[in-house]
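Student: Below are the chains, spelled out letter by letter.
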Amino acid sequence: MSEHKRIDRRIFFRKMAVGAGAAITLPYIIPSTALGKDGTLAPSDRIVMGVIGSGSQGTGDMYEFLAKTEVQMVAACDLDQKRRDATKAIIDAKYGNTDARMYEDYREFLAKEKVDAVILALPDQWHGIIAIACANAKLDIYGEKPLARTIWEGQKIVEAVEKNNRIWQTGSWQRSEEHFRRGCELVINGRIGNVTFVEVGLPDGNPAKGNYPIQPVPEGLNWDMWLGPAPAAPYRGVCHWDWRWILDYSGGQLTDWAGHHIDIAHWGLGLERTGPVEIEGVGVYPREGIFDVPVEYSIHGTYANGIKMHYANARQVPHGMGVCWYGDKGWIHVDRGNRLFASDPKILEEKIGDNETRLYVSTDHFQNFLDCVRSRKETITPCQVAHRSISAALLGEIAMLTGRKIKWNPDTQEIINDPVASRLLRRPFRAPWKLEGN
Amino acid sequence: MKNIYIKLLIPLALLGATLSVTSCKQSPESQAPKKALIITGQNNHTWEGSTPVLKKILENSGLFSVDIAQSPAAKTDMSGYKPVFGNYNLIVLDYNGDAWPAETQKAFEDYVSDGGGVVVYHAADNAFRGWKEYNKITGLGGWGNRNEADGPFIHWKDGAFVRDTTTPGIGGYHGAQKAFQVTARDTVHPIMKGLPAVWMHAQDELYSQLRGPAENMTILATSWSDSAKGGSNRNEPVLMTINYGKGRIFHTVLGHAMGDSAYPAMECVGFIFTLQRGAEWAATGQVTLPVPDDFPHFNIESKWPLFRPLTFDEILANLTNYKTGDTRCNLQDLTNYIRKNYDGGEKYAKIEAGLLKFLKGQGSADAKNYIIRELSIFGSDKALPVLKKLQKNEETKEMARLAIERITTQYTN
Numbered sequence: 002m003s004e005h006k007r008i009d010r011r012i013f014f015r016k017m018a019v020g021a022g023a024a025i026t027l028p029y030i031i032p033s034t035a036l037g038k039d040g041t042l043a044p045s046d047r048i049v050m051g052v053i054g055s056g057s058q059g060t061g062d063m064y065e066f067l068a069k070t071e072v073q074m075v076a077a078c079d080l081d082q083k084r085r086d087a088t089k090a091i092i093d094a095k096y097g098n099t100d101a102r103m104y105e106d107y108r109e110f111l112a113k114e115k116v117d118a119v120i121l122a123l124p125d126q127w128h129g130i131i132a133i134a135c136a137n138a139k140l141d142i143y144g145e146k147p148l149a150r151t152i153w154e155g156q157k158i159v160e161a162v163e164k165n166n167r168i169w170q171t172g173s174w175q176r177s178e179e180h181f182r183r184g185c186e187l188v189i190n191g192r193i194g195n196v197t198f199v200e201v202g203l204p205d206g207n208p209a210k211g212n213y214p215i216q217p218v219p220e221g222l223n224w225d226m227w228l229g230p231a232p233a234a235p236y237r238g239v240c241h242w243d244w245r246w247i248l249d250y251s252g253g254q255l256t257d258w259a260g261h262h263i264d265i266a267h268w269g270l271g272l273e274r275t276g277p278v279e280i281e282g283v284g285v286y287p288r289e290g291i292f293d294v295p296v297e298y299s300i301h302g303t304y305a306n307g308i309k310m311h312y313a314n315a316r317q318v319p320h321g322m323g324v325c326w327y328g329d330k331g332w333i334h335v336d337r338g339n340r341l342f343a344s345d346p347k348i349l350e351e352k353i354g355d356n357e358t359r360l361y362v363s364t365d366h367f368q369n370f371l372d373c374v375r376s377r378k379e380t381i382t383p384c385q386v387a388h389r390s391i392s393a394a395l396l397g398e399i400a401m402l403t404g405r406k407i408k409w410n411p412d413t414q415e416i417i418n419d420p421v422a423s424r425l426l427r428r429p430f431r432a433p434w435k436l437e438g439n
Numbered sequence: 011m012k013n014i015y016i017k018l019l020i021p022l023a024l025l026g027a028t029l030s031v032t033s034c035k036q037s038p039e040s041q042a043p044k045k046a047l048i049i050t051g052q053n054n055h056t057w058e059g060s061t062p063v064l065k066k067i068l069e070n071s072g073l074f075s076v077d078i079a080q081s082p083a084a085k086t087d088m089s090g091y092k093p094v095f096g097n098y099n100l101i102v103l104d105y106n107g108d109a110w111p112a113e114t115q116k117a118f119e120d121y122v123s124d125g126g127g128v129v130v131y132h133a134a135d136n137a138f139r140g141w142k143e144y145n146k147i148t149g150l151g152g153w154g155n156r157n158e159a160d161g162p163f164i165h166w167k168d169g170a171f172v173r174d175t176t177t178p179g180i181g182g183y184h185g186a187q188k189a190f191q192v193t194a195r196d197t198v199h200p201i202m203k204g205l206p207a208v209w210m211h212a213q214d215e216l217y218s219q220l221r222g223p224a225e226n227m228t229i230l231a232t233s234w235s236d237s238a239k240g241g242s243n244r245n246e247p248v249l250m251t252i253n254y255g256k257g258r259i260f261h262t263v264l265g266h267a268m269g270d271s272a273y274p275a276m277e278c279v280g281f282i283f284t285l286q287r288g289a290e291w292a293a294t295g296q297v298t299l300p301v302p303d304d305f306p307h308f309n310i311e312s313k314w315p316l317f318r319p320l321t322f323d324e325i326l327a328n329l330t331n332y333k334t335g336d337t338r339c340n341l342q343d344l345t346n347y348i349r350k351n352y353d354g355g356e357k358y359a360k361i362e363a364g365l366l367k368f369l370k371g372q373g374s375a376d377a378k379n380y381i382i383r384e385l386s387i388f389g390s391d392k393a394l395p396v397l398k399k400l401q402k403n404e405e406t407k408e409m410a411r412l413a414i415e416r417i418t419t420q421y422t423n
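First to last, the protein sequences are chains A and B. All residue numbers for the first sequence refer to my numbering, where the first residue is 2 and numbers rise by one. All residue numbers for the second sequence refer to my numbering, where the first residue is 11 and numbers rise by one.
Bound conformation, chain A alone:
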């Protein structure tokens, strides 16, 4: 029944938006009858949300949505009791009640909660399974990057989202910052001429050393569930946050940041729905400690149109962090902190005409998701795009792990003539976990 009601409400809003002739980036005109008495949307018309994985990133995302009056946050799921307690306290404080419902197991969350949309902020080994389960449960998804731990899982997420007609926004929030969009628009409209090379600086690897002895699992943490499809491993105190330094759960800074700067590099070149055709990479892996993701990485990708992309940890690229496109008339460098530079500052004053390529405009990454949940239009970073930014990084990881030059067909998404490298396009899951439908 709730499912039915939810769809009705969406149809109502869609009709309303069309009727008002509203562009998706403009505020909706809400009839006064739909307003709650404090000027917010009546509870029955709000987008009902939950969060799965309410750690540091999940909580950060949740705060953004809690600040939106059109959102009603009702439930959260985390396999750590401490985090459930903290999350419940935040949501309840926001609404002044004790209604927020907490779950340890996402399957129970999905069975019991009738939410419209969900935030996913999980360690990478869980992305594929839970994203597909949520898409099949007909939820719209605000999913953290990277899309998935392997290319195969990314493909399956895209399939599930498409099959179920879900709205997906990736946490690649740089796209909703004006200077990133401006840099991309200047590049894509030829303001630095014909671009043949782009350089992407991602964070330097974590050189952390030290031993982490096997130790008791902290009370309230479901360690076996945390591992999920990853290989069984004893608890060594490496769990929240630090999972990103172990290959079973993450590819390190490379895969952590692909959804930011590789995504932006692709955006400025119109390459966001394809991938490199040839990839070579050199990684330097730790020689001490238990962490095993590369501390230095340098990957060269070549795209079908001949553009070359060098993506590496920041100290191996001349401009450091961010994206630097090189054209035959100059370069443009963009990075966080409103940093937008060019070989000639006059390039940055150039106007982009109405007849030129205009990129998708979003000034609020979270609002963009909510708007699209209502309009059913594509977000600024749909999963198809996120899949391509992480694929470039994952192909680099495969090149580094095998020491081989990888040839990739971005259309069929297959590694050409290399069965060994192809093995790393997916990873075996620990029983009983599998992707729904596979």
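What the hints contain is simulated information worked out from the structure, not anything from laboratory work. Backbone N, C-alpha and C fix where the C-beta goes; we use that ideal spot for every residue, glycine too. Check each hint, because a few of them may be wrong.
These stretches of chain A come out as covered by chain B in the derived footprint (C-beta under 8 Å, 3 or more residues) [claimed, not checked]:
hint : stretch
1    : 211 to 217
2    : 282 to 290
3    : 320 to 326
4    : 424 to 438
No farther apart than 25 Å at their CA atoms in a straight line, the calculated lysine-lysine pairs in the PhoX-like style are these [what the hints assert, rightly or not]:
hint : chain 1 : residue 1 : chain 2 : residue 2
5    : A       : Lys-435   : B       : Lys-407
6    : B       : Lys-402   : A       : Lys-435
7    : B       : Lys-407   : A       : Lys-408
8    : A       : Lys-406   : B       : Lys-350
9    : A       : Lys-164   : A       : Lys-408
10   : B       : Lys-357   : A       : Lys-435
11   : B       : Lys-357   : A       : Lys-408
12   : A       : Lys-347   : A       : Lys-330
13   : B       : Lys-167   : B       : Lys-85
14   : A       : Lys-309   : B       : Lys-203
15   : A       : Lys-378   : A       : Lys-347
16   : B       : Lys-116   : B       : Lys-142
Starting from the structure of chain A, add chain B where the hints point.
Tutor: Below, chain B alone, put in the same frame as chain A:
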């Protein structure tokens, strides 16, 4: 890390594995090895320790055969010390002691100016303050009461070579020993080509405030001498080339060796490899040695305790008692070895046979699990029977399952 390597040597000896230092990189048959001579016998450092190591390092390059010209002991008659420099393509100076006979000095000057190759190693640049031509050959030196009369202070600042001709003072000192970064200042020179821009050198003493004529000198690399460790707060030159007449000189200030324990500075792959390349360049004017996979990086030290990469058998033997949390050096050595030698054919078949033999043996579960993980990427069907057995063992079943699944699953989109 040092302790672990010392521990490793014992099981190797028990296994009867050869620890001889025969070269692992054979030079092409058409090229006879170049002849090198190490000048040694007196030093304020332990030349009895450093000279054999230098000999191994040169021989392990596959490029040199090495003789040693040991001088008489200090304060004894030096008049008979007359190495025949001209018989050699390379002279390596590991000497800081009494003056040579005038005839030997002249012979050395002629050898170099006529096109000979020289490596100046560590305290050799402390030697012979008063011998003007020697100081032109080394370019820079320290101690022995050197001061402004011996040449400017040389360091590196704001991207450029600085010759400080105005500041007076003693030339040559060093702060406390520690690991420190080496920064390339010439990335085009054949000795430096392909090396990381910055790499971590193992514990060493960093010579600071050297002085000298520094004529025809190229600074290849510098290191920051940190005042917190008693240093000069300057970028000090650590690798240099000098031209003297037609001669080519490679000068490394690195590689401190004192006492009879291990010498971490000399085990550093960065020290070893730049010395090998520097020696080749000095002897031939060219560099052919490719950068090793385990060259140190920005903040990662890397050592060759045997002054060469380990063989496949040695790597496996070292893994026998590996426990998660131990140094990953041996794991990385194994992975690098497999990656480098994987050909999907005969060469890999031998590697896989070695890995499978290890998996059937008495190695630790953590070591086996690491090897099984490698097999999950590179393994062939031949690995399956062993992996299936390992699946029955509680400690290895998880990785074995993962490897079997990877090997037997054909990836399809």
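Student: State for each hint whether it applies.
Tutor: Do the hints match the structure? See the list:
{"no.": "1", "hint": "211 to 217", "in the structure": "holds (count 3)"}
{"no.": "2", "hint": "282 to 290", "in the structure": "holds (count 6)"}
{"no.": "3", "hint": "320 to 326", "in the structure": "violated (count 0)"}
{"no.": "4", "hint": "424 to 438", "in the structure": "holds (count 7)"}
{"no.": "5", "hint": "Lys-435(A) / Lys-407(B)", "in the structure": "holds, 19 Å"}
{"no.": "6", "hint": "Lys-402(B) / Lys-435(A)", "in the structure": "holds, 23 Å"}
{"no.": "7", "hint": "Lys-407(B) / Lys-408(A)", "in the structure": "violated, 33 Å"}
{"no.": "8", "hint": "Lys-406(A) / Lys-350(B)", "in the structure": "holds, 12 Å"}
{"no.": "9", "hint": "Lys-164(A) / Lys-408(A)", "in the structure": "violated, 29 Å"}
{"no.": "10", "hint": "Lys-357(B) / Lys-435(A)", "in the structure": "violated, 36 Å"}
{"no.": "11", "hint": "Lys-357(B) / Lys-408(A)", "in the structure": "holds, 23 Å"}
{"no.": "12", "hint": "Lys-347(A) / Lys-330(A)", "in the structure": "holds, 12 Å"}
{"no.": "13", "hint": "Lys-167(B) / Lys-85(B)", "in the structure": "violated, 41 Å"}
{"no.": "14", "hint": "Lys-309(A) / Lys-203(B)", "in the structure": "holds, 22 Å"}
{"no.": "15", "hint": "Lys-378(A) / Lys-347(A)", "in the structure": "violated, 36 Å"}
{"no.": "16", "hint": "Lys-116(B) / Lys-142(B)", "in the structure": "holds, 12 Å"}
Hint compliance for this structure: hints 3, 7, 9, 10, 13 and 15 are broken, all remaining hints hold.
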